[in-house]
Amino acid sequence: MRKPWGRDLFHTTAFRMSMGYTFLVTLAVGVTLGSTYLLTQSIIQGNTDLIIDTELDSLENQYVRRGIPGVTDEINVRIDSWGRIGAVYMLAGPSFTRLAGNVTNWPFDGAPAERWPEFRIESIEPGQRSVHPVRAGVRRLPNGDWLLVGTDMSQDRRYSRIFQIATLWGMGLSIAVAAVAGFAFSFRLTRRLGDVTETCVRIMAGELGHRLPVGGASDEFDALAVSVNHVLDRLEEQTRTLRATFDSVAHDLRAPLHRLRTRMDAVLRLPGLEPGIREPVESSLKEVDRLQRTLATLLQIALAESGAPLASVVSVDLSELAAELVELFEPVARERGQTLTGNTDPGVGVLGNRQLLAQLITNLVENALKYVPADGRIEVGVRRLHDGIRLTVSDNGPGMPLEERSRAGQPFARIGQREGSGGGLGLSLVAAIARLHRAQLTLENNDPGLRVVVDFPAART
Amino acid sequence: MHILLIEDDIEAARFLIKGLRDSGYTVDHVASGQEGLARALAGRFDLIVTDRMLPHLDGLAIIRHLRGAGLTTPVLVLSALGTVDDRIRGLKAGGDDYLTKPFAFDELLARIEALLRRHASGAGTTRLKVADLEFDLLERRVTRGGREIDLTSRELRLLEFLMRRAGQVVTRTMLLEGVWDLHFDPQSNLVDVHISRLRQAVDRGSDRPLIHTVRGSGYVLREES
Numbered sequence: 000m001r002k003p004w005g006r007d008l009f010h011t012t013a014f015r016m017s018m019g020y021t022f023l024v025t026l027a028v029g030v031t032l033g034s035t036y037l038l039t040q041s042i043i044q045g046n047t048d049l050i051i052d053t054e055l056d057s058l059e060n061q062y063v064r065r066g067i068p069g070v071t072d073e074i075n076v077r078i079d080s081w082g083r084i085g086a087v088y089m090l091a092g093p094s095f096t097r098l099a100g101n102v103t104n105w106p107f108d109g110a111p112a113e114r115w116p117e118f119r120i121e122s123i124e125p126g127q128r129s130v131h132p133v134r135a136g137v138r139r140l141p142n143g144d145w146l147l148v149g150t151d152m153s154q155d156r157r158y159s160r161i162f163q164i165a166t167l168w169g170m171g172l173s174i175a176v177a178a179v180a181g182f183a184f185s186f187r188l189t190r191r192l193g194d195v196t197e198t199c200v201r202i203m204a205g206e207l208g209h210r211l212p213v214g215g216a217s218d219e220f221d222a223l224a225v226s227v228n229h230v231l232d233r234l235e236e237q238t239r240t241l242r243a244t245f246d247s248v249a250h251d252l253r254a255p256l257h258r259l260r261t262r263m264d265a266v267l268r269l270p271g272l273e274p275g276i277r278e279p280v281e282s283s284l285k286e287v288d289r290l291q292r293t294l295a296t297l298l299q300i301a302l303a304e305s306g307a308p309l310a311s312v313v314s315v316d317l318s319e320l321a322a323e324l325v326e327l328f329e330p331v332a333r334e335r336g337q338t339l340t341g342n343t344d345p346g347v348g349v350l351g352n353r354q355l356l357a358q359l360i361t362n363l364v365e366n367a368l369k370y371v372p373a374d375g376r377i378e379v380g381v382r383r384l385h386d387g388i389r390l391t392v393s394d395n396g397p398g399m400p401l402e403e404r405s406r407a408g409q410p411f412a413r414i415g416q417r418e419g420s421g422g423g424l425g426l427s428l429v430a431a432i433a434r435l436h437r438a439q440l441t442l443e444n445n446d447p448g449l450r451v452v453v454d455f456p457a458a459r460t
Numbered sequence: 000m001h002i003l004l005i006e007d008d009i010e011a012a013r014f015l016i017k018g019l020r021d022s023g024y025t026v027d028h029v030a031s032g033q034e035g036l037a038r039a040l041a042g043r044f045d046l047i048v049t050d051r052m053l054p055h056l057d058g059l060a061i062i063r064h065l066r067g068a069g070l071t072t073p074v075l076v077l078s079a080l081g082t083v084d085d086r087i088r089g090l091k092a093g094g095d096d097y098l099t100k101p102f103a104f105d106e107l108l109a110r111i112e113a114l115l116r117r118h119a120s121g122a123g124t125t126r127l128k129v130a131d132l133e134f135d136l137l138e139r140r141v142t143r144g145g146r147e148i149d150l151t152s153r154e155l156r157l158l159e160f161l162m163r164r165a166g167q168v169v170t171r172t173m174l175l176e177g178v179w180d181l182h183f184d185p186q187s188n189l190v191d192v193h194i195s196r197l198r199q200a201v202d203r204g205s206d207r208p209l210i211h212t213v214r215g216s217g218y219v220l221r222e223e224s
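Going down the list, the protein sequences come from chains A and B. For the first sequence, position 130 (counting from the first letter as 1) is numbered 129 according to numbering that gives the first Met the number 0, and the numbering increases by one without interruption. For the second sequence, position 91 (counting from the first letter as 1) is numbered 90 according to numbering that gives the first Met the number 0, and the numbering increases by one without interruption.
It is possible that part of the hints are untrue.
[To be verified] Each computed DMTMM-like pair below joins lysine to aspartate or glutamate, with the alpha-carbon atoms no more than 20 angstroms apart:
#1 B:K17 x B:D45
#2 B:K91 x B:D105
#3 A:K285 x B:E106
#4 A:K285 x B:D184
#5 A:K369 x B:D184
[Claimed, not checked] Chain A is faced by these chain B residues, among others (derived, beta-carbon under 7 angstroms):
#6 D7
#7 A11
#8 A12
#9 T71
[As the list claims (entries may be wrong)] Label pairs and their in silico Cβ distance ranges:
#10 A:S282 x B:S195: 19 to 27 angstroms
#11 B:R116 x A:R268: 53 to 61 angstroms
#12 A:R268 x B:E223: 33 to 41 angstroms
#13 B:E176 x A:A265: 24 to 32 angstroms
#14 A:R289 x B:D206: 36 to 44 angstroms
#15 A:R376 x B:Q33: 55 to 63 angstroms
Note that these hints are calculated values from the structure, not bench results. Ideal Cβ placement from N, Cα and C applies to all residues, glycine included.
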């Protein structure tokens with residue numbers, strides 16, 4: 000089983016969706032908590048301001064009724080009752096000199112411009128040094144004196160800081176919860192979709208019997224699985240039909256050839272056969288064998304081109320296979336005065352059919368052996384690239400004109416003018432086998448010589 | 000040696016029967032799958048040769064029935080289906096060997112002989128010996144007349160294959176399949192080159208060569224008297 004991690008969870012749609020979801024949750028929580036904060040803040044502020052205004056009204060009233068002494072008395076009474084809980088009062092002359100109250104100096108530079116000026120005050124209570132923010136209201140009495148009423152805001156500020164911290168924690172926690180939930184969700188989604196992908200990969204590799212699991216949940220995944228399974232049933236049925244047709248064509252072509260060959264064999268076994276008969280029969284027999292080889296190649300190409308998926312797919316160690324074949328063909332090359340070498344990265348695997356891959360390499364090597372002159376060099380390479388696997392067979396022979404090279408990958412294209420033996424089908428078979436393995440075949444100029452490149456997709460196991 | 004031939008192509012069968020009888024085998028022939036299975040289950044045959052595509056009950060189904068019934072008689076499958084996959088499926092089904100039509104009659108004879116011998120002789124030997132050529136299978140050492148012969152692992156495998164079938168004709172196709180696991184025909188003279196190198200190593204300087212070419216069919220390793 001491939002882990003959803005294996006496919007880079009961060010690049011999945013599910014992951015991106017859950018990231019978006021987390022962002023939205025964060026935004027919603029942020030807006031809610033933020034507006035609650037602002038609203039509470041303004042209510043508290045509004046209350047404070049209302050109290051200050053009321054106090055100013057009441058003191059102004061005292062002035063109207065009893066003049067400055069009344070105001071001074073009233074301020075002293077109020078300081079006695081409210082001073083401890085942070086109420087600030089001051090009566091100052093027209094030039095802001097203190098007349099009464101629990102503030103020593105006029106805190107502003109002249110008359111403040113704001114409606115609710117704020118200032119700092121050092122500990123109203125004796126014996127305890129601390130700085131308190133004060134919000135105040137200022138009013139000018141008709142005689143030119145200044146009246147100041149304020150409230151110690153430190154308690155409110157503390158509450159609002161607590162509220163801010165609570166808001167930040169709340170947002171942090173909801174981001175964490177949303178992220179975990181989103182991650183779990185995307186993990187689950189990726190795993191279920193991963194099952195679909197994996198099954199499809201297996202089927203493309205030829206394991207036609209595979210079906211997607213249908214859980215009993217009747218959810219949208221089950222609906223998808225059921226539909227995909229229907230498509231797979233159809234595909235399997237079509238492949239079976241194709242296979243059956245193919246088999247009967249192969250049979251109909253081979254059976255008469257077989258009877259012909261058997262009869263000729265029987266003639267050759269007759270005792271006392273004259274050489275005048277034996278020789279033409281023997282050479283006819285050779286033609287039958289050649290015909291049979293061409294037929295086998297054609298059938299193999301036709302099967303590969305028919306689109307029927309590969310049967311018996313396994314993980315093939317391409318490096319090992321190439322090295323083995325190089326070792327096997329090396330004496331053949333040496334006998335012709337050519338040099339055949341292998342240059343393979345170790346342990347490079349592809350998914351495929353070992354026999355067909357062996358045939359692909361063999362055809363390319365034999366093709367090179369045929370065209371490269373004595374003292375020529377042939378090299379078989381297997382490389383692991385970052386996005387796939389590359390098999391190359393290069394030589395320093397006469398090469399191939401561009402026009403022929405570009406034609407080489409086409410089915411049934413005859414490359415090079417060679418006599419008989421279906422040799423011209425060799426590259427077509429290579430192209431067909433490459434296509435079956437979803438590999439790309441390119442013929443390049445090796446300058447001098449020919450380089451055949453087969454690029455396989457990276458094996459996912 | 001008693002062979003059961005199951006083949007619905009009557010004309011092809013007629014020539015096969017004659018050829019096999021000429022080579023000294025007793026042959027029973029049936030043309031249908033059901034009959035073939037019944038005869039195979041009832042009689043005592045040394046070898047069964049069956050066509051793969053038979054009406055109603057095909058060759059692979061016959062093999063499965065036989066193996067299911069505990070019969071171990073070697074089975075050679077003849078088939079018009081010759082792609083690599085067909086061969087693999089044929090052998091997976093329990094066939095002991097698989098021959099694609101059309102084939103040379105000598106190829107059939109060589110394979111029949113190989114199957115009959117394989118069935119008769121055990122595989123537990125640790126030493127192979129033909130004349131003065133000795134092969135120690137455990138140490139992978141070969142000596143000829145006491146003198147050690149230096150061979151690569153590839154050459155050792157080829158020699159072991161030949162020595163295990165000493166006296167039997169081994170065809171090129173049998174070597175390709177059995178020694179190098181190549182189930183297709185290469186265009187080059189791959190087999191001949193390897194045999195000639197082995198011959199160089201084993202027979203050079205000897206007045207009694209052991210590896211012989213059999214014209215038109217293959218090779219044989221034996222002591223010529």
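Comparing the hints with the structure gives:
{"no.": "1", "hint": "B:K17 x B:D45", "result": "18 angstroms, holds"}
{"no.": "2", "hint": "B:K91 x B:D105", "result": "25 angstroms, violated"}
{"no.": "3", "hint": "A:K285 x B:E106", "result": "14 angstroms, holds"}
{"no.": "4", "hint": "A:K285 x B:D184", "result": "14 angstroms, holds"}
{"no.": "5", "hint": "A:K369 x B:D184", "result": "16 angstroms, holds"}
{"no.": "6", "hint": "D7", "result": "10 angstroms, violated"}
{"no.": "7", "hint": "A11", "result": "5 angstroms, holds"}
{"no.": "8", "hint": "A12", "result": "9 angstroms, violated"}
{"no.": "9", "hint": "T71", "result": "25 angstroms, violated"}
{"no.": "10", "hint": "A:S282 x B:S195: 19 to 27 angstroms", "result": "25 angstroms, holds"}
{"no.": "11", "hint": "B:R116 x A:R268: 53 to 61 angstroms", "result": "23 angstroms, violated"}
{"no.": "12", "hint": "A:R268 x B:E223: 33 to 41 angstroms", "result": "24 angstroms, violated"}
{"no.": "13", "hint": "B:E176 x A:A265: 24 to 32 angstroms", "result": "26 angstroms, holds"}
{"no.": "14", "hint": "A:R289 x B:D206: 36 to 44 angstroms", "result": "39 angstroms, holds"}
{"no.": "15", "hint": "A:R376 x B:Q33: 55 to 63 angstroms", "result": "60 angstroms, holds"}
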